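Just add 108 to the spot in the sequence shown (first one is 1) and you have this note's numbering.
Hints were generated in silico from the structure; no laboratory data involved. All values derive from a computational prediction rather than experimental measurement. Check each hint, because a few of them may be wrong.
[To be verified] Pairs of lysine-lysine, BS3-like flavour, derived with a Cα cap of 27 Å: (1) K113 <-> K131; (2) K189 <-> K112; (3) K113 <-> K136; (4) K189 <-> K205; (5) K158 <-> K205; (6) K112 <-> K147; (7) K189 <-> K117; (8) K190 <-> K147; (9) K117 <-> K157; (10) K189 <-> K110; (11) K147 <-> K113; (12) K190 <-> K113; (13) K112 <-> K136; (14) K200 <-> K157.
[Claimed, not checked] Derived Cβ-Cβ restraints for the label pairs, each shown as a range: (15) R115 <-> H168: 15 to 25 Å; (16) S128 <-> W182: 28 to 38 Å; (17) T199 <-> K117: 15 to 25 Å; (18) P175 <-> K205: 38 to 48 Å; (19) W137 <-> K190: 18 to 28 Å; (20) E156 <-> R115: 25 to 35 Å.
Just so you know, even glycine gets a beta-carbon here, dropped at the ideal spot from N, CA and C.
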Amino acid sequence: GKMKKYRLKISMTEPNNQISVLKWQLQKWPGLDPRETIKDTTGYWRIEKKTEKSSLVFYHVYTDPGPIPFGLEWIVDVLSKKSVPEAFLQTKARTEKIALNIGTNNKSE
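Given the sequences, and given the hints that come with them, work out the whole structure.
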């Protein structure tokens, strides 16, 4: 398969007591041939606290992979349909693990 290389600039807005936003955008990579990288990508995670035990999470991503050889567009669709849900499942698992650890640490105090 083809591997694409790219760099992201990641920034986090100053969180208030209810909302945090982590965003990213593509950065130029000097010396990288355009065929080795994607054309563009930007996105963000927006996490809004709802209650002490729940949050509402928004995920937005835009990616332009650049030229795709004729007849292979379906590969991008398949990868997107698998990777986005997987990102949410991994995020859910990680946040539940962190919440469990926080709850365990608070009980021992």
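Consistency of the hints with the structure:
At most 27 Å may separate the alpha-carbon atoms for a hinted pair to count; K113 and K131 meet this at roughly 19 Å. Restraint check: the Cα-Cα separation between K189 and K112 comes to about 18 Å, which is no more than 27 Å; the hinted pair holds. Restraint check: the Cα-Cα separation between K113 and K136 comes to about 11 Å, which is no more than 27 Å; the hinted pair holds. Our distance criterion of 27 Å between C-alpha atoms is met by K189 and K205, whose separation comes to about 25 Å.
Under the criterion of a C-alpha separation no larger than 27 Å, the hint pairing K158 with K205 is consistent with the structure, at around 19 Å. This hinted pair checks out: K112 and K147 have alpha carbons roughly 10 Å apart, not beyond 27 Å. With a CA separation close to 24 Å, the supplied pair K189 and K117 stays within the 27 Å bound. Note on K190 and K147: the hinted pairing holds, with a Cα-Cα distance of about 21 Å set against a maximum of 27 Å.
Distance check on the hinted pair: K117 and K157 sit about 25 Å apart at the alpha-carbon level, within 27 Å; holds. A hinted pair counts as satisfied when its Cα atoms are at most 27 Å apart, and K189 with K110 qualifies at roughly 18 Å. At most 27 Å may separate the alpha-carbon atoms for a hinted pair to count; K147 and K113 meet this at roughly 11 Å. Restraint check for K190 and K113: the C-alpha separation of about 20 Å stays at or below 27 Å, so the hint holds.
The hinted pair formed by K112 and K136 meets the criterion: a straight-line CA distance of about 13 Å does not exceed 27 Å. Our distance criterion of 27 Å between C-alpha atoms is met by K200 and K157, whose separation comes to about 15 Å. The supplied range of 15 to 25 Å is met by R115 and H168, whose beta-carbon atoms lie about 20 Å from each other. At roughly 36 Å, the beta-carbon separation of S128 and W182 lies within the given 28 to 38 Å, and the hint holds.
About 21 Å separates the C-beta atoms of T199 and K117, a value consistent with the hinted range of 15 to 25 Å. Here the CB-CB span from P175 to K205 is close to 40 Å, well matched to the stated 38 to 48 Å. Distance hint for W137 and K190: a CB-CB separation of about 26 Å, consistent with the stated range 18 to 28 Å. For the pair E156 and R115, the supplied restraint of 25 to 35 Å holds, since their beta-carbon distance comes to about 29 Å.
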